[in-house]
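**Q** Read off the chains here:
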Amino acid sequence: MSRKTLFARLVLIVLVAVVRIAQAGDERLPAEKTEVTVPSTTLQAFVSGSYPQILASHAGQPFILAVWSVNCPSCMKDMALLHQIHQEKPELKIVLLAADDLSASEEIQQILGKIHLADVENWVFAEEDTQKLRYEMDPKWYGEIPRTYFFDAAHQREGVSGVLSEADYQNRIKKILP
Amino acid sequence: MGWLFLIGAFGLLSCAQSTQPVDSDASRVHVHGGLQVAAAFGPDGKLWRATPDKQHIYVDYSTDQGKTFSAPVVINPESQRIKVSGENHPGITVDRAGNVYVIYPAEGEKQPAMLYSSVSADAGLHFTSPAPVGGKEEEANRYQAKLIPGEAGRVYAFWHDERDRSDWRLPGNAIYSTVLAAKSPSGEMVSKVADTLCECCRIAAALDNKQRPVLLARFIYPGSIRDHGLILLQEDGKPPLLRRATVDQWKIEACPEHGPALAVGADNRFHLAWFTQGGVRQGVFYAYSIDQGEHVSDPLPFGNAERLPSHPDIMAQGQHVVLAWTEYDGVKTQLQVMESGDSGQSWSAARAVAEARNEADYPFLLSHQQGIFVSWNSKTEGYRLIPLH
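These protein sequences, in sequence, are chains P and S. Residue numbers for the first sequence follow numbering that gives the first Met the number 0, beginning at 0 and rising by one. Residue numbers for the second sequence follow numbering that gives the first Met the number 0, beginning at 0 and rising by one.
If you are wondering where the hints come from, they were derived from the structure by calculation, not from laboratory data. Even glycine gets a Cβ: it sits at the ideal position worked out from N, Cα and C. Certain hints may be false.
As the list claims (entries may be wrong) - Keeping only pairs whose Cα atoms sit at most 25 angstroms apart, straight-line, the calculated BS3-like set for lysine-lysine is:
1) S:135 <-> S:45
2) S:378 <-> P:139
3) S:250 <-> P:76
Said to hold, decoys possible - Facing chain S, according to a computed beta carbon distance under 7 angstroms, are these residues of chain P, among others:
4) 69
5) 72
6) 128
7) 130
8) 143
9) 144
10) 160
11) 164
12) 166
13) 167
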């Protein structure tokens with residue numbers, strides 16, 4: 000190995016190390032299947048490919064996917080109703096996705112605790128290009144939240160933006176349940 | 000942060016390979032990492048830029064139309080949790096005397112969301128310590144600020160203010176305003192401009208031909224309708240005039256984001272651009288008003304509806320009106336532009352003037368004597384000031 004090649008390899012090693020350290024110190028970088036564990040909730044990192052993964056893990060099952068954010072007052076109202084539905088129909092799977100980033104994890108956990116939705120499947124956007132993440136889920140969605148998807152057992156879905164009334168929820172749940 | 004570290008790593012690589020200093024091309028890319036960049040021309044044609052990272056706001060300037068930038072100055076020597084997002088940009092503007100004003104969102108000492116402002120009276124060498132805009136930080140959350148330079152060293156600041164909200168379940172924020180000046184960088188007199196504003200949509204603002212501020216914002220109209228209204232500020236403490244400008248009937252209780260854009264031509268024609276998903280129409284639209292919002296022209300749709308047209312900005316220079324917006328095809332974002340030479344009566348076809356392969360900021364139109372430009376930042380391509388002619 001020539002001195003030049005050796006030097007280039009050393010530089011590469013240093014570079015990789017620097018990037019790894021940077022990634023370890025940066026909660027916003029894409030993290031593959033990272034889990035941020037706190038006593039009450041496991042927040043799963045929503046990255047490119049997570050959406051089909053969620054579909055696959057609920058294959059043959061109806062479920063609700065609800066997108067919310069810590070900065071969205073309307074979402075809090077919506078989630079209060081989701082909690083009520085969760086109490087009444089614990090068999091109906093609810094998946095929540097926080098459209099924030101990993102740096103908001105603590106705030107997300109606190110809110111999930113307060114609104115009693117820490118025990119459902121919880122995700123958080125974990126890639127900086129959130130437009131891409133949204134597009135993978137729904138190429139017609141402009142990012143307004145709350146955004147709720149109702150999936151039937153065949154995973155035919157209906158997406159609705161905005162706070163839903165209790166009657167809205169009941170009607171849509173009726174449609175997706177067998 | 001990751002961006003900063005990556006740039007640092009590339010710097011390390013180039014340093015290791017040769018003894019030359021880091022290529023100055025790196026300064027074209029965003030060394031501070033933040034995507035949401037604010038920019039404004041000063042009266043002398045200098046381009047000023049405010050860039051956030053997670054803990055600081057930096058200001059630099061360019062004397063060659065964005066090709067190279069000065070060494071950045073940190074506005075907040077004490078770090079803060081900066082709370083910038085697409086709808087919650089920092090702001091920068093320069094008054095006629097050359098004072099540079101910066102406003103930015105950060106976590107407050109007493110509130111989760113606060114706005115801070117800082118002024119430089121020596122052409123950007125020094126900035127005043129950031130202070131909460133409108134004083135009395137304990138009163139309420141403040142965010143989504145908009146700065147516009149007025150006459151004679153006055154800069155208007157408008158923002159969302161939650162001080163009148165007693166219950167978070169009740170919808171609607173207020174807009175408050177103040178005047179920033181070199182001697183009162185955080186604004187002394189604070190006044191309420193309007194009520195029942197949609198909580199998460201930024202405010203658009205411009206000056207009319209009498210130099211009075213005009214705002215365009217998304218309001219909550221009865222029946223949970225999120226449509227837009229114009230706010231005309233009056234002289235001598237008279238209450239502002241409010242005029243509904245769009246009737247899209249977007250019935251939604253949500254955060255639509257996608258705030259509007261506003262420009263006023265020399266003929267005092269108001270030019271409006273906005274996004275809606277209403278019952279009446281969906282997409283991005285343009286309209287004008289020749290009578291200060293009493294009547295508004297039929298909304299003109301623009302953009303490719305298959306490619307999520309978003310975040311329009313608008314600018315008027317005499318009869319020349321320019322619209323800029325972004326479109327996304329699932330992989331790349333395109334910056335689209337169309338122009339009118341007759342005050343918005345007729346428009347050129349849309350043309351793509353730039354592309355971004357990764358996350359991109361909103362586009363902002365800027366002008367000075369040398370023409371009209373789009374200020375656009377993106378993760379992969381870095382900051383660009385794109386001349387339109």
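**Q** Let me make sure I understand: some of the numbered hints might not hold for this structure. Which ones are they, in numerical order?
**A** 1, 4, 11, 12, 13
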